[in-house]
Amino acid sequence: MRNLVRDLVRKSLKDPVAQKMLLLLIVSVLFLPFLPLLIWSFAQGWYFPQLIPQWTLQNWSTLFTTSTRVGQGFVQSLVIAVCSTGLALLVGMPAGRALGMMDFPGKGAIKLFLLLPIIVSPLATLMGIQFMLIRLGLSGTLLGVVLVHLLPTIPYITLVLSSVYANFDADYEIQARSLGASAWQVFRHITLPLIAPGVVVGALFAFLISWNEFLLTFFVGSGRVFTLPMVLFTALQGGNTGLTAAIAITSILPALVFLFFSSRALDDNAAIGGLGNV
Amino acid sequence: MTLMPVPSPKINPKTSIVQASWAAAKGYSGAYLRLLPAIAIVGGLFGGGLVLAFCQSIGLMGITSDGSLSLSAYQQALGDRVFWQSLNLSLYLAITATAFSTVLSIALALLLQRAGRWASFACQLTLPIPHLVGIAGILLLLSPSGLLSRLLLSAGLIASDQDFPLLVNDRANLGVLIHFVWKEVPFMTLILLAVLRGIRPEFGMQARALGANPWQCFWQVTLPLLRPGIISASLIVFGFVFGSFEVPFLLGSTAPKTLPILVYQAFTDTDLAQRSVAIALGLMLSFISMVLIALYLWIGSGKAFRRPMAQPASSSVLGEVQ
Chain A
86 MRNLVRDLVR
96 KSLKDPVAQK
106 MLLLLIVSVL
116 FLPFLPLLIW
126 SFAQGWYFPQ
136 LIPQWTLQNW
146 STLFTTSTRV
156 GQGFVQSLVI
166 AVCSTGLALL
176 VGMPAGRALG
186 MMDFPGKGAI
196 KLFLLLPIIV
206 SPLATLMGIQ
216 FMLIRLGLSG
226 TLLGVVLVHL
236 LPTIPYITLV
246 LSSVYANFDA
256 DYEIQARSLG
266 ASAWQVFRHI
276 TLPLIAPGVV
286 VGALFAFLIS
296 WNEFLLTFFV
306 GSGRVFTLPM
316 VLFTALQGGN
326 TGLTAAIAIT
336 SILPALVFLF
346 FSSRALDDNA
356 AIGGLGNV
Chain B
5 MTLMPVPSPK
15 INPKTSIVQA
25 SWAAAKGYSG
35 AYLRLLPAIA
45 IVGGLFGGGL
55 VLAFCQSIGL
65 MGITSDGSLS
75 LSAYQQALGD
85 RVFWQSLNLS
95 LYLAITATAF
105 STVLSIALAL
115 LLQRAGRWAS
125 FACQLTLPIP
135 HLVGIAGILL
145 LLSPSGLLSR
155 LLLSAGLIAS
165 DQDFPLLVND
175 RANLGVLIHF
185 VWKEVPFMTL
195 ILLAVLRGIR
205 PEFGMQARAL
215 GANPWQCFWQ
225 VTLPLLRPGI
235 ISASLIVFGF
245 VFGSFEVPFL
255 LGSTAPKTLP
265 ILVYQAFTDT
275 DLAQRSVAIA
285 LGLMLSFISM
295 VLIALYLWIG
305 SGKAFRRPMA
315 QPASSSVLGE
325 VQ
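Top line first, the protein sequences correspond to chains A and B.
When we follow my numbering, the leftmost residue of the first sequence carries the number 86, and every step to the right adds one.
When we follow my numbering, the leftmost residue of the second sequence carries the number 5, and every step to the right adds one.
Hint data in this document are derived by calculation from the structure and do not stem from the laboratory.
No experiment lies behind these values; they were computed from the predicted model shown.
Among these hints, one or two may not hold up.
Derived lysine to any residue pairs resembling SDA-like cross-links, with alpha carbons at most 20 Å apart [unchecked claim]: (1) A/K105 x B/Q128; (2) A/K105 x B/A126; (3) B/K261 x A/L321; (4) B/K261 x B/I99; (5) B/K261 x B/L91; (6) A/K105 x B/G120; (7) A/K105 x B/L115; (8) A/K105 x B/R121; (9) A/K105 x B/L129; (10) B/K261 x B/Y96; (11) B/K261 x B/L170; (12) A/K105 x B/A111; (13) B/K261 x A/Q322; (14) B/K261 x B/N173; (15) A/K105 x B/L108; (16) B/K261 x B/R175; (17) A/K105 x B/L114; (18) B/K261 x B/L82; (19) B/K261 x B/L178; (20) B/K261 x A/F299; (21) B/K261 x B/V86; (22) A/K105 x B/Q117; (23) B/K261 x B/F271; (24) B/K261 x A/F318; (25) A/K105 x A/L115; (26) A/K105 x B/R118; (27) A/K105 x B/T130; (28) B/K261 x B/R85; (29) B/K261 x B/L95; (30) A/K105 x A/F116; (31) A/K105 x B/F125; (32) B/K261 x B/T272; (33) A/K105 x B/W122; (34) A/K105 x B/A123; (35) A/K105 x B/A119.
Facing chain A, from chain B, some residues (calculated, C-beta under 8 Å) [unchecked claim]: (36) L144; (37) S149; (38) S158; (39) P190; (40) A198.
Heads up, the beta-carbon is just placed ideally off N, CA and C, and yes, glycines get one too.
The shape of chain B in the complex, shown without the other chains (with noise of 0.2 Å):
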């Protein structure tokens, strides 16, 4: 819906298509140019970043370039076994992390619905929280001489930090999991809390009204009608935790790392020819995610790609809220 005046169709016949998309052209360009700024900052930093970055990676440009066309990087990226292995570990964080914030979340959501409000504030609490901050306290709490550690010593239930078990800096990097979920459920909860509230009521109780028992009317109703919600919240947790840096470089196992800790050292490596590695490498960071998205997007919702544009609102669920 514009504001701008659509002219009535004219009679000639001839000119009158050719004159409605005039028409309908005018009419979109309000949108567009709303769009304008958006599109030129956003695709000349990340489109234009992306172009520049390729062309250093394939030795076009760049420190250490003579300009001519080399696949070197990328042979000397995929070639090594300790890419393959990051590429696992990124991968294997990234599905846990999001896997179990998701599933905290949709309860904690549900349990916030019925609370008061102090409760979804002290939820929120932690949501400002830098993750820097975040790794500091999750390391002096779950260290081998940390508090828990010194709390447990003190109660006799372990003899000494030795029995402590290592929660960080392990080879299965549980304080990377910990610390992703302890970040992420208030920042899906918070989402998932509105979704939730724009869900009216009346389809639950006329779903227990029709005889479905409480968990029946979970799955069947509140479930489908929250998926928007959860894929896009989960969504953009998984690309978050699957390009995060200093959360596992500082609580993550020493070996093997993940992926954007190699591109991290390969950039910050003395020799500057390890440049163009370092920008091969986050290029296929970037390549993976993005088609971890879109496969993502089309398992979630079958036609991803066509429903954003046959939402007159685009927010079917959130038309609900007021």
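Only chain A is shown next, with the shape it has when bound in the complex (with noise of 0.2 Å):
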């Protein structure tokens, strides 16, 4: 019976049109949690046992006044976003590259260090955090925001970029310099285009995690810092359910343009490898 059952899944999975309706199936569950969302947004009063609601627009028209402060949360999380993801990049590009290229005493032990704030709660080194930022004059402006944003992402672009570094052949840029190219010449012709999709690959992951962030900028915002995910959270504890899915269809969107354009970069193994390899 079980050998029954056992070579019934393997001829079906060496099937091509089952594995094509299983990864279907799959893909559909995936999918499913946004087709609430969706229908919720441009739902009104979709009470319990209905299958199909009133449509409206109302829920979208309320999203851009400025009570709901969707305006406001979306543009400082884009900014907060933008900035920790360029400063990341800035650190990140040439620590990779001493990870991914170098050998030197204590290589393991400094790689742990950098991975520790995404394996780490950061929860009690926020509040640590937070004291310093008091003391600064920082707490709940944007540059500490961006500040504390940089923990989990330096980690993440510094991963990706070591294990592209990790295939970078060196020659091309001896040979570019040889050649009478300057530094910067040879980093922006040779060494850039190179290493390009790594670049983009943590830069997706930096931006992704910076603006998806809820907890980090809680605590360090103090209230005064309200980007996109706080006014879902905030939203997400009141009653108005239509409006809270279009604030979740919201907070999608730059997501999905930012994959829609790097989906060909995530296609590369040796970018994406480095997660795969604390």
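Reconstruct the complex from the two isolated chains, following the hints.
Right, dumping it as structure tokens:
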């Protein structure tokens, strides 16, 4: 009996049509939670047993009023995500090069140390940082939040780039230098194009982490920095389901745009593989 | 490997060792310089934050502190039965969610390896979704008055919303587990797929040629080669789930609560004296996750702390990628 089941499973797994059906099923399960969000964002008083709601655009028009703070949250989220991604790239690129291409004592320990912020709960650290930021007058400012967002973004960018640099051949740079290119020219015309997929994947992860971050912003923002996740968190605890759904869908948009433009880079196995090599 | 020219060894044997190590240090300095900004920022924020948090938790500094050493925050936190219940729950959720996500991701990665690009892309689409959006979606899908309940009712499978099983804010925290599996499986699959594509197909073919069946081939060849990827991916997921706040707060049971929720509640308490308790709780949370991670790395690869140094390119698996 067990053998029969196993044979059946094996045969169906080998069948390309069955494989496709299975994948389709998985993908639709992954998409299922978006369905009620989409419906709710266009629904008016969608009471329980009803399958189809009364359609309305009211939730979306409410979204653009200032009282929901969605516009403010959107802009603040964007500024914070762009700044922290840029800074993390600036710091993570040389670090990734050192970890990917060079050998030196203490490399394993340094790598593990740089990864700590993404595998150890940041809660305690946050409360310590908060104390520091209050002294510096940065608590409740965008700059303070950007600084704290570097904590989870630098490790991701470093990890991805160290893996990309591990497959990078420095001879191209030496050749360019020997042909008279300046250090900047070498970086601009040789290094950057070769590591571009890693930079895009690292930036994608960093942007998304910063864009989605709730807890760090909550602790450091002291209620004065109000990003989109905080708008959504507040809405989720309130009662307006239709508006909450519209806010939720709004906060997906930039991520989807970014993913769309970087989907080719996400196929870069070396870049993503960096996350599989902690 | 560095680009710096290393001077050739001098003939004088007395100075040669000194010179060689000096040359080596000069060679390493490029690497350390490149790492300096990252180490400074992460060390300053993470390390500095931990030190300051610790000082606050033992009363050496803080809003309500008089500057004298006191362990009362720890006594209060550890003496409460709620702490141990919360720790239990946090551990249970993190281990269960990580285990389910890992097994499912391995299966999905193997399935996607042979499928077309559209499938990989479709599975990536949930990757950039904020956790809060996932929470909203799952609430509206699985709550007793949610979409699934409505569908079952109109299909005649249940008589009223009372018949629909409680899946959100339930005692068993099923909603939390469902959310994490839904969110982390695409993330882990993306990593495992990249590692999987880096494994030479020749290994599998050779095993098959030597008479291994597909099952043996998976257990003896693919899985061991995939192991570093599995360990890293599950480590990231475990750490994240263990320290996650929003998901158990909005989807989980009302009592007991997870550790991060206890920290949040103590931190936002109107009684400012609770701050030091919040920090003590947070520090214990960090400490426990560090110990667990060290344990996991140690179990996972035996010599986890020596290996990264021994590998020249720090990615033996990825070395095969291109």
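query = Has the given pair, A/K105 with B/L108, been kept, meaning a C-alpha gap of at most 20 Å?
reply = holds, 17 Å
query = Is the hinted pair B/K261 and B/L91 satisfied, with a Cα-Cα distance of at most 20 Å?
reply = Holds, at roughly 9 Å.
task = Take a quick look at whether B/K261 and B/L95 sit within 20 Å of each other, Cα to Cα.
result = holds, 12 Å
message = Hinted pair, alpha-carbon criterion (20 Å max): B/K261, A/L321. Please report holds or violated.
response = Holds, because 19 Å separates the two Cα atoms, which is no more than 20 Å.
key: Hint check: 8 Å Cβ-Cβ cutoff, B/L144 to chain A   = holds, 4 Å
message = What's the verdict on A/K105 and B/L115, does the C-alpha distance respect the 20 Å limit or exceed it?
response = holds, 10 Å
key: 20 Å limit on alpha-carbon distance, applied to hinted pair A/K105 and B/A123   = holds, 9 Å
Interface hint outcome for B/A198 [beta carbon to chain A under 8 Å] = holds, 4 Å
query = Does B/Q128 lie within 20 Å of A/K105 when you go C-alpha to C-alpha?
reply = holds, 16 Å
task = Sort out whether A/L115 lies within 20 Å of A/K105, counting only the CA atoms.
result = holds, 15 Å
ask   = Within 20 Å, alpha carbon to alpha carbon, are B/K261 and B/T272?
value = holds, 15 Å
task = Sort out whether B/F125 lies within 20 Å of A/K105, counting only the CA atoms.
result = holds, 14 Å
Consistency with the previously given hints is maintained throughout, with no hint failing.
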